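Going line by line, the protein sequences match chains E and P.
At the far end of the first sequence sits residue 346, using the numbering used here, and the numbering has no gaps.
At the far end of the second sequence sits residue 1440, using the numbering used here, and the numbering has no gaps.
By construction, these hints were calculated from the structure, which means they are not laboratory data.
All values reported here derive from a predicted model rather than from experimental measurement.
Note that CB positions come from ideal geometry on N, CA and C, so glycine has one too.
Among these hints, one or two may not hold up.
To be verified - Mimicking DSS-like on lysine-lysine, the simulated pairs with C-alpha atoms at most 25 angstroms apart in a straight line are:
#	chain 1	residue 1	chain 2	residue 2
1	P	K1239	P	K1257
2	E	K336	P	K1118
3	P	K1044	P	K1205
4	P	K1239	P	K1120
5	P	K1044	P	K1120
6	E	K333	P	K1257
7	P	K1425	P	K1172
8	E	K166	P	K1118
9	E	K333	P	K1082
10	P	K1120	E	K336
11	E	K43	E	K336
12	P	K1118	P	K1172
Said to hold, decoys possible - Calculated from the model, a selection of chain P residues having no Cβ within reach of chain E, i.e. all distances over 12 angstroms:
#	residue
13	L1004
14	R1008
15	G1037
16	Y1112
17	Y1114
18	F1155
19	A1177
20	R1278
21	D1309
22	L1332
23	G1344
24	V1401
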Amino acid sequence: MSDELLVHLAGGTALVALMAYALFGGADFGGGVWDLFATGPRKQLQRDVIAHAMGPVWEANHVWLILLLVVLFTCFPNGYGPLAIALFIPFHLALFGIMLRGASFVFRNYSRKSKLTDAAAPLARLWGTVFGVASLISPLLLGVAFGVLTQGEIRVSDTGQVHHEKPLPWLSFYAIGCGMLALSTCAYLAAVYLTYETSGELREDFRRRAILAGTTTAVLAGGVFAATYFEARWFFGQLTSPRCLPVLLVGLFFFAASAWAVYGRRYWLSRVFAAGEIVVLLLGWGIAQLPYLIYPDMTLMDAAAPRATIAFLLTTLPFGAAIVGPSLWLLMKVFKGEREEVGGRR
Amino acid sequence: MDSLIAARLQMALSLAFHMIFAAVGIGLPLLLVIVEGLWLRTGKSHYRDLAHKWAKATGILFAIGAVSGTALAFELGLLWPKYMELTGAVVGHIFGLEGYAFFTEAIFIGLYLYGWDKLKPWAHWLCGVAIAASGVLSGVLVVGVNAWMQLPLGFTLEDGRVEVSDPIAIFKQPAWAYMAVHSTLSCFIAVAYAVAGMYARSRLKGDRSDYTRSAIVVALAVGGITIFLQMLSGDLLAKFVFQTQTAKFAAMEAQFKTERYAPIRIGGIPDEETETTRYAIEIPGGLSFLATHDPAAEVPGLETIPREDWPPVDLVHGSFDVMVGAGTALMLVSLWFWIAYWRGSERALSSRPLLWAVALCGPLGFIALEAGWMVTELGRQPWIIHQVMRVEDAVTPAGDVQAVFFGFAILYLLLGTTSATLLWKLRSQAGQSAGEGPAE
C-alpha cells in the first residue's frame, strides 16, 4: 500500500469518527439546547424525555470525540501540534463546555431526590440550567474552530512556528457563522431524533422545534455559504469544485428531504435523512479539505506520522470495531430498540 | 507566573483530579461484581442493596472520570504540543488501544446503570464483569504511554524526523508490565480501603447490620490481597527503576553520594545545596539490598548526574516516603483485621480500636496513589520524555495559559466539591431499589 493511500485512509478514519461524534454526540448537545429552551405546558416532560434519551448513551457517544483526537494526534502529529497552538482558546472553551455539560447532567440527576417529586428542587434546577448553557458552548466553539481552519487563518512556517493571519481570527463573521450553524444543526438533529422517541403532544412539541431549528439551519447555511465567498475564498473554490459540489448537493437534498419528512410527520424517514445529511455534508467537507489538513501550509502528507504508526493503528481498527461494534449494538438494542411511548402517559 | 509554571500546574491538577476518578473506575467495578455475584448466589438482599448503592456512586464517579479524562486527551496536546507531536507519532496508537477499552467500558456502564430492570440478572452481572475488565485494560494500556515516557524506545529521531522501528516496543519491556501491575493494584487498594473505611465509620456509629459487615469484609478481602501483592510489585518496580532511571532512584531515597552499603532513609530533609540529607532515620545497607539483594552493592548517587538534570529531590523523596508509609499502614491494619477475624468474626467487626484503625485507613490508599504518581512523574523531571525532550521545550507558545489555568482550577474545584457533596448525601440515604438509572 502506498504511503499516500495509507495517510488518506487515516484521514478517512478521522472523518468517520467526526461523523459519528456529530450524529450521536451532536444530538446530545442538541438535547441540551432543548432542555434549556423547554417551554409550554409540557416543559418538565420535555426535559424528562431528553434526560431519558441521553442517560444510558451519552458517555458512549462522547467517546467518539476521544477517538477522533486519538486518530488526529497519532496519524497527523505534525498538524495536531500547530492546531493545538493556534486553537488554544477555542479548544479550551469547547473543553470547558464538554466537561461542564457532562458533569452537570449527572449532578442534576443526583440532585433530584426521587423519581417524581422534587424534580424542581432548586439545586437540580440550577444544574439543569448549567447543563443547557454548557451544551451551547461546545458545538459553537467547535464550529468556530472549523471556520478558522477552513478560512486559511492558521499559518505554519517551515520551522513549525505557528501564527494567525489576523489577531483573533475566530471573531470573523464567517467563523462565528460556522459556530452558529454547528449549534443549530445539533439542535435540529436532536429535535428530529426526539420526534421519533416520543408520541402525542410531546411529539408535536418536538416537531415544531425541528421545524424551527431546520429553518434556522437553512438560513444560517445560506448566510455562511455567502460568507465563505468573501472570507474563505479558497474553501469556497473547493466546495464548488466538480469533485465536491455533487456531494454537497446530495447533502442538501438529504436535508430538504428530512425537513419534508418532519413536516409530513414521517418521523422514521426524517431521522434517516437527517443523519444522512450530516454524514454526506461532512464527507463533502472532507473532500473539499483535500489535500490539506491546514490550508495553505500543511497537507495531510506533511502532517502524517511515520508509516509504521499509521499502519499499526489502522490494523487495530477492525479488532477495535469487533469489540466495540457489537457492544454498541447491544446498548442501542436495549435502550433504543423498543419505541417507548414516553409522551403518551401523563 | 510564567506559561511553563501555569501549564505544569494545570497538567498536575488535571491528572491529580482525574486519577481519583479513574482509580474508582478501575477498582469499584470489581467490588460491584463481587457483591452482585454474592447476591445472585445467596439471594441475600443486603448484597443487592450494596450493589445498588455502589452502582449509584459509580454513576457520578464514572461520569466525572469520563469528562476529566477528556480534558487530559485535549490538554496533552493543548499544553504540550511539541510533546504530543513526538508522542503521537511514536506511541499515539497506544491511546487508540486504550480508546477501544474505554469505549467498551462506557457502553457497558450505560447498560449496567440503566439496565437493572431491562436485563436478566446474570446478563446484568456480566455487564459488570465487562466494565471491570475493560476498566483494568484501559488503565493498563494507558500506562504503556507513561512507561514509554520513562523509557522511550522503538524510534529514531534525526534532525527532527521521526522514524518508528517498532510500534509496540514498550509492551515488550518489563517497565510497562511492572508499572501496569503496580498502578492497577494501587487502584484496587485505594477503592477497597476507602469503602472499608466508610463502612467502619458506620459501624462505629452503631450500625451493626449485615449490610455494613459484608461491605467491610468484601472490601478488606480485596484490599488485603492486593496490598500484599503491591509490596511485591513495588519491590520489582524499584529494582527496575534502579537499573533504568538512576536520577529518579537516587531522588526517591535522597541518595546524593555514590556509595556501597547505601542506607534506606526514612524521612529527613534533603538539601540539594550541601548534597546531604539531615534528620533521616537510616537503615544501613538497606538501599543497596533493596536495589540488588546485596547490602554491599554500590548505589550511584545524584552526584553522577549533571545538576541541571536533577529532579526535585525533596518532593520525590517525600512523596516516596508517604507512599511507602501509607502502604505499610494499610498492610498492618489488614493483618490485624484478618487475624482478629480469624479468631472471631463478630468480635473483629465490633472491636472499636480495630474499626477506628480501618476508618482512619480510608483515605490512605488514595494518598498512596497520588504520592506514587508524584514519585514517578516528578522523578522523571526535568524530562517530559526521559532524556529525549525537556519539559520547558514542550510547552505551548500560546499566551493565556495562566487565565486558562485559573478557569480550570475553578472548574475542578466545582466538580470536586459537588461530587463529594452528592456522594455524601448518597451515603446517608437508605438502601433503596435502583429502578431505572441513577436517581432518575
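Here's how the hints hold up against the structure:
About 19 angstroms separates the Cα atoms of P/K1239 and P/K1257, which keeps this hinted pair within 25 angstroms; it holds. Our distance criterion of 25 angstroms between C-alpha atoms is met by E/K336 and P/K1118, whose separation comes to about 12 angstroms. Taking the CA atoms of P/K1044 and P/K1205, the gap is near 24 angstroms; set against the 25 angstroms cutoff, the hint holds. Taking the CA atoms of P/K1239 and P/K1120, the gap is near 48 angstroms; set against the 25 angstroms cutoff, the hint is violated.
Between P/K1044 and P/K1120, the direct Cα distance comes to roughly 18 angstroms. Compliance with the 25 angstroms bound is thereby established for this hinted pair. A threshold of 25 angstroms between alpha carbons decides the hint, and for E/K333 with P/K1257 the separation of about 64 angstroms lies outside it, so the pair is violated. Between P/K1425 and P/K1172, the direct Cα distance comes to roughly 46 angstroms. Violation of the 25 angstroms bound is thereby established for this hinted pair. Of the supplied pair hints, the one linking E/K166 and P/K1118 is violated, its CA atoms being roughly 55 angstroms apart against a limit of 25 angstroms.
A hinted pair counts as satisfied when its Cα atoms are at most 25 angstroms apart, and E/K333 with P/K1082 does not qualify at roughly 43 angstroms. Proximity of P/K1120 to E/K336 is assessed by CA-CA distance (about 17 angstroms); at most 25 angstroms being required, the pair is judged to hold. The straight-line distance between the Cα atoms of E/K43 and E/K336 is roughly 23 angstroms, inside the 25 angstroms bound, and the hint therefore holds. Taking the CA atoms of P/K1118 and P/K1172, the gap is near 43 angstroms; set against the 25 angstroms cutoff, the hint is violated.
Here P/L1004 stays apart from chain E, with its beta-carbon at least about 15 angstroms from theirs, past the 12 angstroms limit. With a minimum CB-CB distance of about 16 angstroms to chain E, P/R1008 clears the 12 angstroms threshold, and the non-interface call stands. Listed as a non-interface residue, P/G1037 keeps its Cβ farther than 12 angstroms from every Cβ of chain E; the least gap is roughly 21 angstroms. Distance check for P/Y1112 against chain E: the nearest CB is about 9 angstroms away, which does not clear 12 angstroms, and the non-interface claim fails.
The claim that P/Y1114 lies off the interface is violated: its Cβ sits roughly 4 angstroms from the closest Cβ of chain E, which falls inside the 12 angstroms cut-off. At the 12 angstroms boundary, the C-beta of P/F1155 falls inside the reach of chain E, the nearest C-beta of that chain being 8 angstroms off. Taking the minimum C-beta to C-beta distance to chain E, about 20 angstroms, the non-interface status of P/A1177 holds against the 12 angstroms cut. Every beta carbon of chain E lies more than 12 angstroms from that of P/R1278, the smallest distance being close to 44 angstroms; the non-interface claim holds.
With a least beta-carbon separation of about 25 angstroms from chain E, P/D1309 lies farther than 12 angstroms from that chain, consistent with its non-interface assignment. Against chain E, the non-interface label of P/L1332 holds: every CB pair exceeds 12 angstroms, the least being about 36 angstroms. For P/G1344, the condition that its CB be more than 12 angstroms from all CB atoms of chain E holds, with the nearest at approximately 39 angstroms. Remark: the non-interface label on P/V1401 conflicts with the geometry, its nearest Cβ contact in chain E lying 8 angstroms away (cut-off 12 angstroms).
In terms of the numbered hints stated before, the structure departs from hints 4, 6, 7, 8, 9, 12, 16, 17, 18 and 24, listed from lowest to highest.
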